Each structure stands twice: as structure tokens, then as C-alpha cells.
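So the protein sequences, as listed, match chains A and B. According to my numbering, the residues represented by the first sequence are 1 to 538, in order. According to my numbering, the residues represented by the second sequence are 539 to 904, in order.
Source of the hints: derived by calculation from the structure; they are not laboratory data. These numbers come from a predicted model, not from an experiment. Possibly wrong hints are sitting among the right ones.
Capping the alpha-carbon separation at 25 Å, the derived lysine to aspartate or glutamate pairs in DMTMM-like fashion look like this [what the hints assert, rightly or not]:
#, chain 1, residue 1, chain 2, residue 2
1, B, Lys788, A, Asp73
2, B, Lys882, A, Glu104
3, A, Lys224, A, Asp185
4, B, Lys882, A, Asp79
5, B, Lys663, A, Glu145
6, B, Lys750, A, Asp38
7, B, Lys788, A, Asp79
8, A, Lys512, B, Asp578
9, A, Lys34, B, Glu657
10, A, Lys114, A, Asp55
11, B, Lys680, B, Glu628
12, B, Lys788, A, Asp38
13, A, Lys512, B, Asp671
Here's the letter readout for the chains.
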Amino acid sequence: MRRLLVAVVFVVAACAPTLLSAAEATDRAELIGKLCGDTASLGDAGRALTGIAADGSPDDRAWAAQLARAVIDRKLTCDAKGAAVVLSEGSLDALSRTPRTVSEAGRTPLLSLKNRALFETADAALALRTAPDVARRAAALRTLERQASSLPEHLLEAAVGQESDPALKAQMMAVAQAAALNSPDPAKRIAALGRIAATPDRRALTQVRALLADPAYAANPEFKHAVDAATLTISRGIAVGDALATLYSGLSFASILFMAAIGLAVIFGLMGVINLAQGELIMIGAYITWLVQEVIRQFAPSLLDWYLILAIPVAFVTTAAIGIGLEAVLLRHLYRRPLMSLLATWAVSLFLTNLVRVTFGTQNLNFVTPFYVTGGVPVIGDFIFTWNRMFAIVFAILTLGITWGLMRLTPLGLNIRAVTQNRIMAGCLGIPVRRVDMMAFGLGSGLAGLAGLALAPIYSVNPQMGQNFIIDSFMVVVLGGVGTIVGTVVAALGIGQVNVLIEPLWGAVAAKVIVLLMIIAFLQWRPEGLFAIKGRRK
Amino acid sequence: MANIEGRLNHVVRMAADEINAKGGVNGRTIEVAVSDPASDWPLYAQVGKQMLEQDKAAALFGCWTSVSRKSVLPVVEQANGLLFYPLHFEGDENSKNIVYVNSPPASSVLPAVDYLMGEDGVSAKRFFMLGSDYVWPRTINKQLKGYWKSKGIAEAAWKEEYVPLGFSNFQTLVNQIRAFADQGGGKPIVVLTVVGSSIPDFLREFANQGIKATDVPVLGLDMVEADLEGLNTEPLVGHLNCWAYLQNAKGAANAAFLKQWANYVKAKNVPFKADVAIDPMVSAYDAVHLWAMAAAKANSFDVPEVRKAFAGLSFDCPSGYKLKMTAENNYVSRGVFIGSVNEKQGFDVLWQSKDASKPVPFSPYG
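This is chain B alone, in the form it adopts within the complex:
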């Protein structure tokens, strides 16, 4: 498991331990089985099938990229299993066998882009979209273009570029961004949807070419605290991300979660930093609790029974928002934060939504 995904494994164990310590669910303790398909996408389907059919797993938690989710989708539908997916993603999917714990674009990306386009943000007028070449960036960018069109923004105001997964040599692309920014015609921003190690490599080159956040802000949609580890973030201060949780979220629930994680890292000697928590970790933690609550409510581990129990569930997320589920679909209402990179390799909360908005699975913008 790579740098970031490995954390989800441990946080799910932590949540399971927490529930087991309180007596488990329906009189039984949760047992965690782990498999690492190592970003080999077809392998996700195989592993998922194995876990559902041989190990008789009551629920699956995981997948990072949308491609991996898409490859598990037919498996869980066929076996009528449950997959809890902890990442914010492109939406446009509504399976009764997947619980979308994180936000579709309408409740995370669009509010963030709106913020940047507004008076409080930077009144952004021009957009450079840079993404890794797979389904999530392409769908997000398609929806964004539809959104801008609906706002009457001309097509000349944006540019779209993709790089292969794992790409690291961003010199020419940053040159292109500078050329795009200097053309004039309003404030430019970069909507960054590259993933994995491409994120720090891009940011390093961006800073080295002397572009500051006040010149061209980067909205990194997959950028989390862990991506900044190992970077000198002083020249990067001010760049943005948007997630349903940020480590600097205020509130007792977050303080308790961070403490729990730090203790867990220490006790189990987990090879990750005790003082870094990222949104997908919290979402995976929420997911285990949501599942346990639903199973307890249904008094059964049968998927149809558990699914029925989702309606009306609510859970106090470490982010400070109250998560809610309805009978309409398997989406979860989440709040949204916009974070601003600080010099301590973290994100300060620049803006946050008033409450957890009702999720919109299908985007009306293309």
C-alpha cells in the first residue's frame, strides 16, 4: 500500500477495535481482514470477490482511485455485498451496493470553485485544469466545464491537460501554466486533479519556478496533509484544497479523534506519522461506525437488512458536522472545508460550509 492508502487500513482497524472494546456489534466482535491490490486495478475485483465469497466479509471498506471502485462495482452488485468508499469522487454513480461516504462534486468541488470565483476568493476568471489521465479527473473537469458554461464563461477561458499516472517531470507543464497565466483576461487558477506522488512533484516545480499562491493559486482536489510531508511548504503557503475534513477542524470530536489516532500509532507501532490525519482516514473511520450502527439497528449482518437501516442514521464526524443518511440513496451528507497550505506542512481552515448539504449524486453539468 502506498504512502497514503496504507493509513486507511490502520484507521479501519482502529475503529473496529473501538467498537469491539464496547462489546462489538449484535453480540459479535468485528474481525478485520486486509488485502493490498497495490493499485493494480483488475486485482481489486478479484480481491473483492474473494473477500465476499470465501471470507464471507460482512462489508468491504476501501478503494482509493475511482478506477478501483469501478472495478469492484460489478463484484459487489453480483454478490449483493457492501462497499464503503471513503474518497470524494466524481459522482454520476448510484449503486445500492456502494456506500459513498465522501462527497460528490456538487458538495465539495463546486462550492470550492464558487468560492474562488467569488469576491471572497480571488474572482477567478480563467482556469487551467491539470489532471492524471483517468476517470476521476476527466469527469470532474467535464462537470466543471459544464458548470462554467452554465455561468456564461467562454471556452477560451480554460485549458485542460492530462499526464500519465505516476508522472513526475512537470517542467514543461509549469511553463505552460505560466504562459496561460500571463495572457491576461482575469485572474487565473489551477484546478489540480493529479494524484499520488505527482502532487508533491508538481508543487515542488511550481514553487521552484517562482509562482506564488497570490499569482496563480492551485486548488488541489486530491491534495491532503500527507502530500505535503517532505516538502518545504514556505513558498507554497496559500494554495488550496477542499475536503469534508481537515486536520485543523475545530471541535472536541476532532481533538478526540486525533488523540485516538496518536495513541493507536504509538501502541501498534504503525509506520505513519501520529500527528497527521487526512480526510479519507476520517471517512473510513466514519464508514466503520456507520456500518456498525446500521447493523446494530437492523440486528442483522444481512446486506438488505443493513441497507434498510441506513435511512435516518446520523453520526458525529470528527469534522464537527453531523453525518446523515436518507432512504433515497447510499450517499452521506457531509460538510466541506477549504484549506489553505501553511508553512507547517498542513492546511489552515480558510472557509467552511454552514452545514452538511444534501448530496446530489448526478451532476446536472455534463
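For reference, chain A alone in the conformation it holds in the complex:
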């Protein structure tokens, strides 16, 4: 009897692992079948993967994480033998995780938008449980935050249980708390309201507003109070966020206008030359930035992210040289004939556009987007602080500082100012007027080159890009008062802010018209612009 018992125990012990792994294997095989099925079963597979993130074993989760990612990246290939994950070093069978070849006739499932959302959720949920890197887990939590109420219940609990990073753990608890908005327990709901009001944006407002129709709102005074308080906090947050967003958009547009106009202000102010090729110098600045990027890619790939910084001197010097050449060869002979210099610079602009078109082609250039100009950070309400705009703003401020210093603190600046005020007198005093002209033209052109660099992360770079800026920059220069840096700054800020204020009210088309009308009206009143240089009329 005893021997029999031992035998039975032995048999059970021998069977148990095989049985278990068999059950697991069928489960996985079914999931792979679904991944390779039609749109509807692909959706089921996405939900099943999220389920594994909540309830699966650690081994299952690691397996599922790889699959979810592979489907999103289109690295999963379905063929007659099942499915395989295609990696850079070879293919692994999705089920057995052993290397195997993928047949030519294999098909890569493509996610529809609906399924893509399910797989992004699954991927984030699995990353939250399996990713070794804290930043990746935090990013996953941000993705899940917006749909916290539709996640499986234990997912966040389980994630909180295993989280090692205290800050992230607290965040997870907050998300879990906010997800309890529709729980039966009123205390939990009130706590959830508090959490939701902590991120006051329009999405939160919509969520809280929906509660006004909730029976608990009429029945439970405490709950009513919490809802009203949350609505108030959120509305305030949105108002602050909107104001900041408007200011930021205005500032960012102003920085673009300023960068485009500052070079022109120097040239137009000093020599009275209407340089219609200014836009093309901006374009060339952007192209030089691209060339620098390509050279760095070739010779020092580790520095590739910093090409925007490294290109600053190159862009400035090259466009300045082009400007100096232009002045020496062409404009020098046309100073007394303003109409001719206008036509000549226009011809130069056409020439440069077509030269670039023939050399580089007409397509938009491909720029690497370094981390410091990628994406944005939500601040408050619906205000998102985008880094590429910030780059342009900081760049504009630095350019302003350097130009101001150059004009006020250096001998060249002194000469330029003297020539601007009274060319003949300055010449009589022994200032080399011709050389100052040349240097100033170079400075103005170099500044245009820098504008091209600053605009590369924001706008598309192609041979036509310069044409968009020329009218706007003349508007800024004329409104600001010819030849003053302060005027250029104030005019750029004004035009930028007014544009941004009008756009949401009457649309972008009307904004352009209204701004132009305002400028015309203003110039009727003050033809010299905002800040005219005081001096003798010429």
C-alpha cells in the first residue's frame, strides 16, 4: 500500500509540470493564432495581452511584452509555421523562442487605428510590469493614465506592489486613485476627484462635468461639494494654461519674426538697400545646417545630436561671406540707384533658389531631431511647452544679446551706428564707410543664416522656404522703425502676440488681414515706425 502511494505521488509529481506547461503552450499558441488572424481577432489579441500584463506569470509577461512591441513595430511575421519575431540578428519563433527562418510568403499584420490603440495600451501595461528601466516605466504610466478607468483592475495594484522607485510608486497610486471615479464607495470617488483636479485640463473638466448628471451629485452634499470644488480648480487651471499658451505661442512666433527680421534691420537701416534676397540667405543658413549635420554623421556620429549647436559658427560665417561677396560684386555699384538694387537683389534671390534647387533637389531636407528639440512638456491646463519653440526663443534672445553687444560695445558697432546716422559726416571723420558697409552687409547676412538654423527644427527646409519670410520681416522692420534693434524686438513681439490673439477668434486668414491693416493704420500715424532714430533728416 505504502509503495503504491509513493508510486502515485511520484506519478503526480512527474505529470504536474508537463500538464502545466502544456496548458500554457496552448494558451500562447491560441494567442499567436489570433495575432495572425483578421482585424477583429487581432483586437482580441491586444486585449488578451493587456490581460496578461495584469494576471500573467512573470515569464508570460516577458513573452507578451516582446510580442506587443513586435506587432507595433511590424516586426512580427506570420507564416505557415505560426509566427516569428524578426530581430536585427535573426528571427525567433514567437512560440518556442528558438531561431528559425521566416518564409518569403510571410505576412506582417498591420494595425488598424482601433487595434493600434489596444496594442499601445498592452505595450504600456506590459512595460509597466516588465521594463527594467525606470524612465520607460514612467513613460508607460503616462500612456496608461489617460485610460486608467478601462484597465484591468489588478494591473495598477500589481504594478504598485512590485515598483521599486518610490516616486513612480506614488504616481502609480495617484493614477489608481483617479481611476476610482466611478467606484461604488463615495469616499473613493471624492479622493479621485481631488486627484483629477490636480491635473487641470479640458479632458479632466469633461470628466468632472459628466458627474453633474450623476444621481450622487443631487443626493450626497459632500460629493456635490467635491465636484463643484474640482470644477472650479480645473477651470482656473485651464484659464491659467490658456493664458500661458497664448503668451508662449506669441513669444515663439515673435522669436521667428525677430530672427528673420534682425539681419534685414541691419542692412536696410544702414544702407537703405531693400534686400529681397534676405529670405534666401535664411534658406541657405538652413541648408548649411543640414550640410554640417551630414558631415558630422560621416565623421563624428557620436556628436550628431549636437549638430544644431556646432553648425552655428559655420552657418554664420558662410552666409556672412556670401553677403560680403554680394555686396562687393553687385550692390556696391548700385547704392545710388535704390530701384536697381531692389531688382538686383530680387534676381539674386531667384538665382539662389534655383541654384539650391538644382544642387539639392526640391524635396524637404531630412533633419535629425535631437532630444532637445523633440516633443514637449505639459505644464498646466492645456499648455504644452514644446522644446523646438523654446530652442528658437532662446536662440533669438542670444542673437539679440550678441547683436546688441556688437552694435553698442565694439568699434565696428560704433562705426555702423555713425554711418547709419550720417553717412557723409562719418566719412569726413575718417570712418572707412565702404568697409563698414561691407561688414554690416556681412553681419546682416550672417544673422539671416542663423535664422535659418533656428528655423530648421520648426519649419520644412526646401528651396522655397525663404519666400515665406520676406514680407513678414519687412513688416517687422518698417513697423519697428528703420535701423533700430529695440524697434525690431518690440515690433516682432507685437505682431506675434496680436496674431496669436486674433487667430482663435476669427481664424488665421483674418488674423493676417487685420494685422496688416493695423500696421497700415499705425504707419499713417507714425510713418517712422515705433522707434525712429533721432537725427537730422536726410
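Based on the hints, put chain B in the right spot on chain A.
Just chain B, lined up with the frame of chain A:
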């Protein structure tokens, strides 16, 4: 010629070379004359007149924006010429002197919007229409609003905004889209009808503000593979477009076309990418072949004779669909694809129509 339009010039030359290599049409070889009105719309009429009257062109191929087509329209009607127009457009026009090679909204935009509104799409309930300010976006949006009204969707469910042509500063508009999307009341989508360089500028700002295709999908009606050149498309994966041809269309005809274009780019040193093909290129290529077939069938280059020969023509388009023309009008039956942006600056085929539907020139929706 701008980034995208320049490609049509070369593809028409390529088609002409191909036909000439096979002996030309009616014993004569095709000669291609080119002019670039540079998006200066009144100039299109002038250039068209010159080409028809001085150069005695047998047929015109071109125009991108609907405005340019509208300005050539009176010229071709007066001179009784033929213009092959390769873009999908707003319909509501039926001239006997224009061959509409691409689709009117009923065979491209409406199926795509239907897809997004349906279960397979995203069950879209709310719509933000953003377009450049000219006839194509305004007419398309008018028809869409009529269509939604006919489906019983309330007016509060959509919003319409326009920007000047060449507009690039989309910060406040993307803010508005976010505000619109967060109001609740069903899944929002953006129907994007901005054109030219506004498309990549919009997409860049959209991605930078952190909106993903799964939050608010963008249906870019003028968005082609070439608009994604120069963009980091990783944060844009999943946004949609709809055209009668996508580069990733399956089939031998497409493989042959792509190979032909790549060889042509290499041989002629054309300043465009050898591995990017867009719908208007294919439509322009189809147009040259349709014209050559009609002229051969009519055994004449006279416009009335060629026009008579259109009825019953069919051509195997690189898209994989068989193009057909009838005696009813100068429209061409095309299939439709919905493309989904991938991380390689291209579009994957998400959905495609079963066959080439019969074109409906005039929209019943306003």
C-alpha cells in the same frame, strides 16, 4: 516647380518616352513641351493658351490645385483643347474639355470618412476640418458637412478652420484641436485639407504637442509620401490619407512602374528620389497612356475624335485597378486606398476598395 509638382513633369516625359519607344502614336512620336507657371494662378490660363494656340499641343497634362484647373478651364473650352487633370479634387465640374483622371470626393473622400466613422475605423463622431483657404478645401468641407447632416450628425460635432496658403505657424491651431478633442462627446478626427509645405509643418507641430494617431487621427486628403520626406514619422505612425494609388500597392503593375521610375531617375539624373512614387505621378502616367490609347483608337489627334474614342477605354493602372472610361463623361473609374503612415516615411495600405467604383461628378451633399 515646387517639391511635388515637379515630379509630374518627369513622369509625363517618362510615359511619352515609353510610348515613343514602342513606335509612338499613329506613326508619330510624342514631343513634350514644359512650362512652369509657379503656382501663379492667372499664369496657368496664359500658358495654356500659348501651348494650345502657338505650340499646337494635342493635349495638356497638369495643374495641381483646383484653382489652377479652374483658370485653364475657359481656355481649353474656347480653343476646344484637352486637359488631363491628375489630382483628386472636389468634383462639381464636368467639362467636355477636361479629363478628370483622378477621383471626385464620392469615390475617394467619402469612402475614407465612412471607414473612419465605421466600426473598423475609430467610430469617429466629431470632426475638425482644417484647410488652406481656397476652392478645394472649402468645397470638400461643404460636401462633408452635407454628408454628415444627411447622416443625422448635429452641427455641434464639427468645427471648420482655414489658413492662408503657405501658412506654417500651426501652434494655436493645434491648441484649438486639442481643446476640441478634449470636449468629449465621441471620438474626434481631423480632416486635413491644407496643401503644400503646410502639411509637414502641421504634422511636426501636431507630433510635438504629443498628440498621437490613436488620440486624434488625422485624415490628410492631400498628404502623399513626398510630404513626409524630411519628417521624423515615428510619432506620426497611424495617421491616414486616401488616394487612388499608394506606393505600397500590391501587384506586378506597381512593381514594374516603380522600377521604370527608378531607372528613369537614374538615367536622366532627375532631382527627385528614385524610391518615392505618389498618386498624382501615377495618375499623370495613366493620363498619357489613356490619351495615347484614345488617339490610336480614333486614328487622329483631333480633339472631338479623341474624345469620342474615350468611351470603353480601359488601362491597367499601377495601382492594380483597371481604369475605365464611359461615354457619359470624361471621368475615370478609380479604386481607392486608405494609407496609414509608417515609421519609414511612407504609407501602409490599411484598406482598399474592392473595385474601381463608377465616378459621381456632382455631389448630392451640397
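Quick rundown of the hints versus the structure:
For the given pair, Lys788(B) sits about 21 Å from Asp73(A) by alpha-carbon distance, which is consistent with the 25 Å threshold. Note on Lys882(B) and Glu104(A): the hinted pairing holds, with a Cα-Cα distance of about 21 Å set against a maximum of 25 Å. The hinted pair formed by Lys224(A) and Asp185(A) meets the criterion: a straight-line CA distance of about 15 Å does not exceed 25 Å. The straight-line distance between the Cα atoms of Lys882(B) and Asp79(A) is roughly 23 Å, inside the 25 Å bound, and the hint therefore holds.
With a C-alpha separation of about 23 Å, the suggested pairing of Lys663(B) with Glu145(A) holds against the 25 Å cut-off. About 24 Å separates the Cα atoms of Lys750(B) and Asp38(A), which keeps this hinted pair within 25 Å; it holds. For the proposed pair Lys788(B) and Asp79(A), the alpha carbon gap of about 18 Å is at most 25 Å, so the pair holds. Taken as a hint, the Lys512(A) and Asp578(B) pair is honoured in the structure, with Cα atoms around 20 Å apart against an allowance of 25 Å.
For the hint linking Lys34(A) to Glu657(B), the alpha-carbon distance of about 19 Å falls within 25 Å, and the restraint holds. Proximity of Lys114(A) to Asp55(A) is assessed by CA-CA distance (about 23 Å); at most 25 Å being required, the pair is judged to hold. Distance restraint check for Lys680(B) and Glu628(B): the Cα-Cα separation of roughly 10 Å lies within the 25 Å cut-off, and the hinted pair is therefore satisfied. Proximity of Lys788(B) to Asp38(A) is assessed by CA-CA distance (about 19 Å); at most 25 Å being required, the pair is judged to hold.
With a CA separation close to 12 Å, the supplied pair Lys512(A) and Asp671(B) stays within the 25 Å bound.
The structure fails none of the hints (numbered hints given earlier).
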